[in-house]
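As you go down the protein sequences, you meet chains W and Z in turn. Okay, so the first sequence: first residue is 28 according to my numbering, each after it adds one. Okay, so the second sequence: first residue is 41 according to my numbering, each after it adds one.
Errors might be hidden in some of the hints.
[To be verified] Okay, the calculated bits of chain W under chain Z, using three or more residues with CB under 8 Å as the criterion:
| # | region |
| --- | --- |
| 1 | 37 to 51 |
| 2 | 251 to 261 |
[Unchecked claim] Simulated restraints, written as ranges between beta carbons of each label pair:
| # | chain 1 | residue 1 | chain 2 | residue 2 | range |
| --- | --- | --- | --- | --- | --- |
| 3 | Z | E175 | W | A276 | 28 to 36 Å |
| 4 | W | T157 | Z | G120 | 23 to 31 Å |
| 5 | W | R152 | Z | L123 | 16 to 24 Å |
| 6 | W | A276 | Z | L123 | 32 to 40 Å |
| 7 | W | A154 | Z | D334 | 32 to 40 Å |
| 8 | W | G183 | Z | L123 | 48 to 56 Å |
| 9 | W | V315 | Z | P162 | 13 to 21 Å |
| 10 | Z | R307 | W | A327 | 52 to 60 Å |
| 11 | W | I326 | Z | D114 | 48 to 56 Å |
| 12 | Z | L346 | W | V155 | 53 to 61 Å |
| 13 | W | A173 | Z | P162 | 39 to 47 Å |
| 14 | Z | E192 | W | T157 | 40 to 48 Å |
[Unchecked claim] Chain Z is faced by these chain W residues, among others (derived, beta-carbon under 7 Å):
| # | residue |
| --- | --- |
| 15 | K34 |
| 16 | E235 |
| 17 | T239 |
| 18 | S242 |
| 19 | G244 |
| 20 | L245 |
| 21 | S248 |
None of these hints come from the bench; they were simulated from the model. Every residue gets a Cβ at the ideal spot worked out from N, C-alpha and C, and that includes glycine.
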Amino acid sequence: MLQFIAKRLAMLVATLLVASFAIYGALYLAPGSPIAALTGGRTLPPEVMAQIEARYHLNEPFLTRYWLWLTAAVHGDLGESIPLHESVNTLIAQRIGTTLQLVLFASILIVMFGVSLGIIGALGRGAVDTGVLFASTVSAALPAFAAAVILQFIFGVMLGWFPVLGTGEGFVDTVKHLTLPAIALAATSTALVTRVTRTAVREELDREHVQTAVSRGLPWSDVVRRHVLRNAAIPITTVVGITIASLIALSAVVETAFALNGLGAYLVQAAQNKDFAVVQGISLVLVVAFVITNVVVDIAYALLDPRVSLGSRAQ
Amino acid sequence: MSELLTVTDLTVRLKMDSGMREVITGTSLSIAQGEAMGLVGESGSGKSMTAKAIARLLPDGAETLGSVVFDGVDVLALSGDELREHRAQVAVVFQDPRAHINPVRRIDDFMTESLRTLRNVPKGDARTRAATALEEVGIDDPAKRLRQYPHELSGGMLQRVMIATALLSEPRLLLADECTTALDVTTQAEVMAILDDLRRERGLSMLFITHDLELAGAVCDRTTVMYAGQVVETREARLLHGDPLHPYSAALVDARPDIDSTADRLRAIPGRPLSAFEAPSGCRFATRCSFAQDSCREHEQVITELDGGFVRCERAIELRGKVREGAHV
Chain W
28 MLQFIAKRLA
38 MLVATLLVAS
48 FAIYGALYLA
58 PGSPIAALTG
68 GRTLPPEVMA
78 QIEARYHLNE
88 PFLTRYWLWL
98 TAAVHGDLGE
108 SIPLHESVNT
118 LIAQRIGTTL
128 QLVLFASILI
138 VMFGVSLGII
148 GALGRGAVDT
158 GVLFASTVSA
168 ALPAFAAAVI
178 LQFIFGVMLG
188 WFPVLGTGEG
198 FVDTVKHLTL
208 PAIALAATST
218 ALVTRVTRTA
228 VREELDREHV
238 QTAVSRGLPW
248 SDVVRRHVLR
258 NAAIPITTVV
268 GITIASLIAL
278 SAVVETAFAL
288 NGLGAYLVQA
298 AQNKDFAVVQ
308 GISLVLVVAF
318 VITNVVVDIA
328 YALLDPRVSL
338 GSRAQ
Chain Z
41 MSELLTVTDL
51 TVRLKMDSGM
61 REVITGTSLS
71 IAQGEAMGLV
81 GESGSGKSMT
91 AKAIARLLPD
101 GAETLGSVVF
111 DGVDVLALSG
121 DELREHRAQV
131 AVVFQDPRAH
141 INPVRRIDDF
151 MTESLRTLRN
161 VPKGDARTRA
171 ATALEEVGID
181 DPAKRLRQYP
191 HELSGGMLQR
201 VMIATALLSE
211 PRLLLADECT
221 TALDVTTQAE
231 VMAILDDLRR
241 ERGLSMLFIT
251 HDLELAGAVC
261 DRTTVMYAGQ
271 VVETREARLL
281 HGDPLHPYSA
291 ALVDARPDID
301 STADRLRAIP
311 GRPLSAFEAP
321 SGCRFATRCS
331 FAQDSCREHE
341 QVITELDGGF
351 VRCERAIELR
361 GKVREGAHV
């Protein structure tokens, strides 16, 4: 177990290194310059330009700049936003909470509805199954931005049940504010999880060991719980994990649509403002979150399936 | 001997994409208390489906006609708790133990599950009984095995676990569906010997499904031969080998190479085995039988009693004692 975690941490570092280089390189190659955003398009005297460039190391060669940024990042300093004159760490810290809450909320919805609908569809055959398939098809065809607009229109404007913009104060108010965004974010993924759950449960139902359990006269509820669902949990966990990891990136769209001050929306905004330090910082945070989610999935997978061992797990 | 199981005129049709397909036609057999009945035939002959019908394990949408009576109870009419109780009394040992034991649960859990859930045996007691049962089937260090997962055990050992587990719930009838086919020959012999011993000790009835006529002869009291969904012969097991009544049984006997002499060529039954739904009218074996004549193909063969056995062949009396020599001319 420890060895496995150590291995995965080493992989995390390697992934981050590659990702940071890719992000830094992409932004270096991207058109536009942070100074243009800073000056608002005005032409500055060359000596002032030179001063600014020196201040932000913009005149250094690419690799030197990357190295400077990387060493600072390793020490926990993600740099400074040029347009805002503020530490990137602070800017991220102010927004990460909203994104975490949103992703957590959406994940709960995905697991709750995706898994249960999938199970109902698989066990319920006939009309019930058709209903589940239909609902999941509609839901799968609904991209987050479209879902956002539709939900805002129906539940926010027409029915007035939920606020459509902003984050809210306190627990209840926050939940209220995040309900529609979380649904919009969860829609497509819930459909995917429903489909995978349904297939996994169906497959498990047809397995020989389930037939053994039936042949022994065990109650159907025991057969389903102890053999069908227990075993189907393995593929379901994998897909839920991957889906949740993808929510982190998808949250940008939903946060923008609902005017939530989260990391995703801010990433888009920062990219538009050529606020390179912020884009790099947030991207790095997203990569970390993605990799950590995957490690958690791997561990869960090994816990659920005794045939899978974590690296060379001691007996 | 009193009959524990009586199957009368059982016909089974399965739901396929192309409609209902008949897999068993009018099968009858009976097993007495403590008797071992062999059920022999090629793939697709309906042996496994017969066992599944007895244990009520046929797939969804299957249609059954005729009757299956177990200990006076009409099995085909059971549902709910009564059906579960019936299944608990009929233990099945499947062909492939690796596929038939849940891979993510420990041996302990597999073995004690029905005791705990159906017989309300406390966990500790159930485990002690499981350990004893493992020792009975010749598994060393049962405490360790109980803690292991199925993938940590060999196929032969898993089949022993399967047998031990089947006997643990004290069933009245054991359905062994090709339970040694997936094992290598030495393991097969060991597993077979264990199964036979334990069955006799407990006076348990058994339906032993195999395509190995000699194996059936060695462990069974009587043997039933099936072809294309029909019973073609039922005979005392020790007689079937030396003095088969039906040309198909004879062909099966001859298809087995003799260990004492070197054969130039292994003898096979010409043609391929048929399933019930593709069988011709008249005698179903006629297409592959070297004794078939026009009258065989013209009318459906009926099962008749002959010399203490039952045979489904109109020429049985006439061919008595000649079926083996003539089977492969």
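Now the hints, each set against the structure:
no. : hint                          : in the structure
1   : 37 to 51                      : violated (count 0)
2   : 251 to 261                    : holds (count 5)
3   : E175(Z) x A276(W): 28 to 36 Å : violated (57 Å)
4   : T157(W) x G120(Z): 23 to 31 Å : holds (27 Å)
5   : R152(W) x L123(Z): 16 to 24 Å : holds (19 Å)
6   : A276(W) x L123(Z): 32 to 40 Å : violated (51 Å)
7   : A154(W) x D334(Z): 32 to 40 Å : violated (54 Å)
8   : G183(W) x L123(Z): 48 to 56 Å : holds (53 Å)
9   : V315(W) x P162(Z): 13 to 21 Å : violated (49 Å)
10  : R307(Z) x A327(W): 52 to 60 Å : holds (57 Å)
11  : I326(W) x D114(Z): 48 to 56 Å : holds (52 Å)
12  : L346(Z) x V155(W): 53 to 61 Å : holds (55 Å)
13  : A173(W) x P162(Z): 39 to 47 Å : violated (57 Å)
14  : E192(Z) x T157(W): 40 to 48 Å : holds (42 Å)
15  : K34                           : violated (23 Å)
16  : E235                          : holds (4 Å)
17  : T239                          : holds (5 Å)
18  : S242                          : holds (5 Å)
19  : G244                          : holds (3 Å)
20  : L245                          : holds (6 Å)
21  : S248                          : violated (10 Å)
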